[in-house]
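Line by line, the protein sequences are chains A and B. Quick note: the first sequence, position 32, residue 32 per our numbering, numbers continuous. Quick note: the second sequence, position 78, residue 78 per our numbering, numbers continuous.
Derived from the structure by calculation, the hints contain no laboratory data. The reader is advised that the hints may include incorrect statements.
To be verified - To give an idea of the interface, some chain B residues facing chain A are shown, with a C-beta separation under 10 Å as derived from the structure:
no.	residue
1	17
2	27
3	29
4	44
5	119
6	130
7	133
Remember, predicted model here, so these are calculated numbers, not experimental data. All residues carry an ideal CB built from backbone N, CA and C; glycine is no exception.
Each chain, written out:
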Amino acid sequence: MRQNTKQIGILGVLLLAVTVCLSVLAVLALTTAEADRRLAERNREVTVQTYTQEREAQIWLSEADGQMKSGTVLAELPGTQTHNGITLKMLQGGENEAFVIGLTDDGAGSYRVVLWKPVTDWAPNTDIGTLWAG
Amino acid sequence: MMRRGHTAFYLSTLLLLLLFVGVLAVLTGVFSQAQRKSAEARELTTATALARNAAEALSAAHDETELAHILRENDNIQQEEGGICAFYDQAQQPSAEGFYRVHLTYEPQSTPGGTLVRSTITVETEKGTQPLCSLSTAVYIRGGQEP
Chain A
1 MRQNTKQIGI
11 LGVLLLAVTV
21 CLSVLAVLAL
31 TTAEADRRLA
41 ERNREVTVQT
51 YTQEREAQIW
61 LSEADGQMKS
71 GTVLAELPGT
81 QTHNGITLKM
91 LQGGENEAFV
101 IGLTDDGAGS
111 YRVVLWKPVT
121 DWAPNTDIGT
131 LWAG
Chain B
1 MMRRGHTAFY
11 LSTLLLLLLF
21 VGVLAVLTGV
31 FSQAQRKSAE
41 ARELTTATAL
51 ARNAAEALSA
61 AHDETELAHI
71 LRENDNIQQE
81 EGGICAFYDQ
91 AQQPSAEGFY
101 RVHLTYEPQS
111 TPGGTLVRST
121 ITVETEKGTQ
131 PLCSLSTAVY
141 IRGGQEP
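Work the whole structure out from these sequences, hints included.
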C-alpha cells in the first residue's frame, strides 16, 4: 500500500512538471505569434500610408508641372515656400506625417526634383511618471 | 485489503492520466491557435512585401508594357483589361501557378506636362477571398519621359 502511494506520488509530480513545461511553452508560442501578427499588421498599415503619401505627392507634382508648362514660375507655385533656391511643398498626411517635395530651377525653363521624402513629426514622451524617490 | 489498495492505485492513476489528457487537449488548442496566427503573420508580411515590390516596379516603368516586362519571370504574368496579374509562390518567387496573386491596375491620365499613372495594387492568396494587402499609388511621367 505504501509502495503504491509512493508510485502515484512520483507519477503525479512527473505529470505536473510536464504540464507546467508544456503550458509555459504554449503561452510563449501564442504570445510570440500574436506579436508577430501585430507587427505584420503595423507593417501593412505603414506601407499603405507610405504609398498613399507617394500618390498625393505624384499628383501634386503633375499639377505643378502643368502649371509651370502654362507659364507659372517655380517660386510662385501655390502653397510653396522657397529656401536657398529650393521651392518646398509640404503635403500633410496623417496625424504627424507629411511629405516634403523640393524643386529647383534647372535654368532651362524646367525643374529638378531635389527633395522627395516622407517626414514624421515625432516627439519623445518625456513624462516618466511618478517614480519612487527612495 | 490488498485488493482495495490496488484498486485505489489504479483509480488514482487513471484520474491523473485523464487530467493529463485534458490538459494536453487544451494545450493542443493553444498550440494550433499559435500556429494559425503565425501563418497569418507570415502571409501578411509576404503580401505587404509583394505589394511594395509591385509599387516600386510601377515607379520604375514608363508604360504598361515595361511594367509587365519588369514583373515577368517564370511566366508568372497575366495581362488583363486595365491591369496586370502577377503570381508568386509561398517563398515570394515568381511562379506561373503561384500562391499569391498580385493585381495591379494601370490607369494612365494625360496631364498638361506628361502622364499621371494611378494604380491600385491588391495582393490575395489562392485560398483567401479577401485581399491581404491593398494600396493605392501613382507615378507621374514627365512629358512621357523619366519621372
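The hints, checked one at a time:
Given hint, residue 17 of chain B at the interface with chain A, holds; its Cβ is 8 Å from that chain's nearest Cβ, closer than 10 Å. The restraint placing residue 27 of chain B at the interface with chain A holds, with a minimum CB-CB distance near 5 Å, inside the 10 Å limit. Among the interface hints, the one on residue 29 of chain B holds; its C-beta lies about 9 Å from the nearest C-beta in chain A, closer than the 10 Å criterion. Evaluation of the residue 44 of chain B hint against chain A yields a held restraint, the C-beta minimum of about 4 Å falling below 10 Å.
Here the hint on residue 119 of chain B is kept, as its CB sits about 9 Å from the closest CB of chain A, short of 10 Å. Of the supplied interface hints, the one on residue 130 of chain B is violated, with its beta-carbon coming no nearer than about 13 Å to a beta-carbon of chain A, more than 10 Å. Checking residue 133 of chain B against chain A by beta carbon gives a least distance of about 5 Å; that is within 10 Å, so the hint holds.
In this structure, only the earlier hint numbered 6 is contradicted, and the remaining ones agree with it.
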